[in-house]
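Residues per chain, in single letters:
There are 2 protein chains.
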Amino acid sequence: MVKRFNLNYIHKRILSKKMLFKVLNYIDSNPGVRTPLLFIDKDRLIENTQIIGARIQNSQVFYAVKANGDPKVLSILKDLDIGFEIASLGELSLLKKLGVSSKRIITSNPVKSIEFIEALYSYGVRYFVFDSISEIEKLEKFAPGAQCYVRLSVPNEGSEWPLSKKFGVEIEDGLALLKRVKQGGILVPAGVTFHVGSQCLNPYNWCIAIDKAKRLFELCKTEGIYLKFLNIGGGYPISYTKVAPKIKEIEEKIHGYLKEKFHGKVKIFLEPGRAVVGECGIMITKVIGVAKRGYENWAYLDVGVFNGLMEAIGGIKYSYVPEKIGDEEDNLLENEQGFFEKAKKWVLAGPSCDSMDVIEKNVFFEQELRPGQTVLIPSAGAYTTSYASEFNGFPVPLVVII
Amino acid sequence: MVKRFNLNYIHKRILSKKMLFKVLNYIDSNPGVRTPLLFIDKDRLIENTQIIGARIQNSQVFYAVKANGDPKVLSILKDLDIGFEIASLGELSLLKKLGVSSKRIITSNPVKSIEFIEALYSYGVRYFVFDSISEIEKLEKFAPGAQCYVRLSVPNEGSEWPLSKKFGVEIEDGLALLKRVKQGGILVPAGVTFHVGSQCLNPYNWCIAIDKAKRLFELCKTEGIYLKFLNIGGGYPISYTKVAPKIKEIEEKIHGYLKEKFHGKVKIFLEPGRAVVGECGIMITKVIGVAKRGYENWAYLDVGVFNGLMEAIGGIKYSYVPEKIGDEEDNLLENEQGFFEKAKKWVLAGPSCDSMDVIEKNVFFEQELRPGQTVLIPSAGAYTTSYASEFNGFPVPLVVII
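So the protein lines, in turn, are chains Y and Z.
The C-terminal residue of the first sequence carries number 424 in our numbering, and the numbering is unbroken.
The C-terminal residue of the second sequence carries number 424 in our numbering, and the numbering is unbroken.
None of these hints come from the bench; they were simulated from the model.
A few of these clues could be false.
Same chains, same label: a pair holds when it works inside one copy or across any pair of copies.
[Stated by the list, open to error] The calculated BS3-like cross-link candidates involving lysine-lysine, where the alpha carbons are at most 30 angstroms apart (straight line), are:
{"id": "1", "residue 1": "K243", "residue 2": "K281"}
{"id": "2", "residue 1": "K100", "residue 2": "K250"}
{"id": "3", "residue 1": "K346", "residue 2": "K187"}
{"id": "4", "residue 1": "K25", "residue 2": "K364"}
{"id": "5", "residue 1": "K270", "residue 2": "K44"}
Nothing here was measured: the structure is a model prediction, and the numbers come from that model.
Can you make the complete structure from the sequences, with help from the hints?
This is the structure we're talking about:
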């Protein structure tokens, strides 16, 4: 039996018809397939890598493997013109298995274990980040001659997942660290990196950060340190329940600002993760059960906070497309007003017995949810399977690439 | 070289000397062992199972597998006089592999997939929980004849990990559901269950909950439904940074109250998880790097929120025992006042590049932390490896049983 899905005005804005067609076709051809399952669209993945970085002159793109380190995803990316940003021995080992050359690998983890530094160095990686004396000392000992860049802390306002405080230093400290690198004479002080925060909806954040980096470049010059590259990190947003600004538009803004500040004279690195793989993924999940709790309607899915939707508790608002049951009418509502008049509020929870495993408290559906019903979650390609654990015995999503 | 550790007044209160001796011995005999590593003390595990339930008349203990489902832990428990509480096909499969009989298995997950109900039923499990019409309908279809108990919601104040709202119904709804079960004539309405919340430091919570359950038992009688058992869930606390009330004392209070309300006439089920395995575990971890960020001292461990210490962001306050470096003096301070005069504040973070991966913001150490240094985390046996994922390529802790 062909399943039909109830697309509301949100889904129609964020879901590509081509991808939806593929996923529906997959569901119909594999009626017994085990859920949760993360469907990844290969064509979309390739398209995204062609868009990202295209509008920034003199730039090179490194995919942040943490967003989705599935070997099948990495293997597709390996055949494209894209590098990789990694943070651990585990991620290095994934790339080594695929035969990715060290020239295509950088690490932007400012606090690395000695074992990881040694392994990267012996594999031939020569780009390393730092933001502390402790890290410089390790790099001097285990990665002599490496090109090093300092992580600058920059404002994260307007990002849905701000990163501030865990990493990064202010301009003065950054300068002091780069001077320390120069004095050591073992490493090459080569650049600056920053991160505006994940899912950054405010393009202006990049401008502030670029401005801050430029000031550090200038201060370095007065000390005889000539930096060559600027890593502008990740942070490009994708569409979950709201339509995100287009990457093309964000990059035009960034490019304009970079040109004004650096006149095309520095090499630019980018580290997108979410923007590469997020919108390529649709999670296929099923309703396990429903319950009325006081005035609240609860539905329990076979995917939850621990086995795939960790970001839901960090602020990401997914959208949910329920299967139509029986001969429910097609939903023709195209706007918010009509939708909320008709819809009923639900709490969505994951399958485990853990109270933290509540995905979202305010989700609106125009129809009832029932055990066994399929629910699609668009834009679920990034930071889902990579965070997932089998807590309480519930399996992590299968990853299927079409 | 024999490592020495800096025990402060907190550690001396919560760590058993016998266990500490074993773990230090293990570290010295295995200098190159990969960290993070979760050390589990088998003797302590066995002791705990002997203490729990001992003071509650007519009771039976079912270990909540979600606390730590490591096959080596389960295998030890299998040889003891203890049952198992499970929530998923994955957990059932672990027990089946060990040959645990269905008589020793219950499930207290109120919202189960049909596949899980079928698998339990065909394995011979006959105790099931519910708290919704939807679940009763599934059980009638796939577990006819089963003994069923309703999940009552009870106050969770005073628990460090409250569970309220995700599961459980109020008395009136509980009665209506049990009547519905009786009318159906397919399932046996057999009991009531509740959960006071994990790490419950207030023994009075059990009294309120028992009182509430008793009222439901009475109302059921007026409807001709004679319930036979009461599942008082888990929630026994363990010592992290504060000394928890002793299980013996909590059980004496619970037993007294049960006797007053039920006169020893109902069968009592217990579902401890944390209390069975929590204090048996010591996490062995290493400092990867340190950094000064403004006025803050940051240290980065090889275990963090995603690969073992998820509960740190939910409110659990672990204690941390750093290795002594060089010829640092023994710490002889026995009280809080002297400690805080001497100690320096640190922020502890995990190894990943994720900003959520900050373990704790206010940890006090009397000594410096340095890369490579070992740090022990006591009371880390429960809800650590079971939540852990390999996010960002960092390995989950090895589990070693001594």
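For each hint, the structure was consulted:
| no. | hint | result |
| --- | --- | --- |
| 1 | K243 / K281 | within (19 angstroms within a copy, 80 angstroms between copies) |
| 2 | K100 / K250 | within (26 angstroms within a copy, 62 angstroms between copies) |
| 3 | K346 / K187 | between (46 angstroms within a copy, 28 angstroms between copies) |
| 4 | K25 / K364 | within (23 angstroms within a copy, 67 angstroms between copies) |
| 5 | K270 / K44 | within (26 angstroms within a copy, 60 angstroms between copies) |
When held up to the earlier numbered hints, the structure conflicts with none and fits them all.
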